[in-house]
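Please model the entire structure based on the sequences and the hints provided.
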Amino acid sequence: DGGITQSPKYLFRKEGQNVTLSCEQNLNHDAMYWYRQDPGQGLRLIYYSQIVNDFQKGDIAEGYSVSREKKESFPLTVTSAQKNPTAFYLCASLTRRVGGAEAFFGQGTRLTVV
Amino acid sequence: AQSVSQHNHHVILSEAASLELGCNYSYGGTVNLFWYVQYPGQHLQLLLKYFSGDPLVKGIKGFEAEFIKSKFSFNLRKPSVQWSDTAEYFCAVNEAGGGNKLTFGTGTQLKVEL
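Chains as they are written, first to last, in the numbering used here: chain A, 150 to 263; chain B, 8 to 121.
Take these hints with a grain of salt, some might be off.
[Stated by the list, open to error] Distance condition first, Cα-Cα at most 25 Å in a straight line; then the derived SDA-like pairs of lysine to any residue: (1) B:K118 x B:S12; (2) A:K206 x B:G35; (3) A:K158 x B:G48; (4) B:K108 x A:R245; (5) B:K78 x A:G249; (6) A:K206 x B:E27; (7) B:K65 x A:K232; (8) A:K158 x B:H50; (9) A:K232 x A:G249; (10) A:K232 x A:D179; (11) A:K206 x A:D179; (12) B:K56 x A:Q199; (13) B:K65 x B:I19; (14) B:K118 x B:A24; (15) B:K56 x A:T154; (16) B:K108 x A:R246; (17) B:K108 x A:T244; (18) B:K108 x A:Q199.
Simulated from the structure, these hints should not be mistaken for lab results.
Listed below in structure tokens is the structure:
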């Protein structure tokens, strides 16, 4: 089935360690996004990419990095510079169709830094 | 920078009451607009979307939204809410051209009481 796969579902890391969250899609979508969801703050955009080898900072990019070497993959690295990394992370992709666009979401990764 | 505002953070209604949740955005160009719902313990689900044409769009579960371009608004409505509508509701805006950014509001937590 076509969709977006995020892995792992739960991730625990020690403070000061970098960690990479995986996001893979087989929908052939050009655009991909990473969001962070915290209670009361909605989904805040971290990074997004329109095409391979290109990405832009979102509203809260500090402490995060991404790459887009393949159309299917958009991994997110949470670096030690991120002050408060414990959160729920959502990956999405978007396709443009005649008349508009549609976004699809992964199941999310809950990262806990201890 | 594009932003999305949801002014009602918490709403409590009795069953059968009417619902209107506000959403305003700041982007001046062509937009695609969405409302998503997140039920407790579940993932985001698309309620409805606007791309072009009739500014009044109907979605699932009796929800509708009206796009008012002059007010940069896309308010969500439901004539009569049910207890099962208890959830968090997110408005989202996609820039139809240029950057393809997809930005979410902070969400509105709706609680429907019996």
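message: To test your reading of the hints: which numbers does this structure violate?
response: 6, 7, 9 and 10
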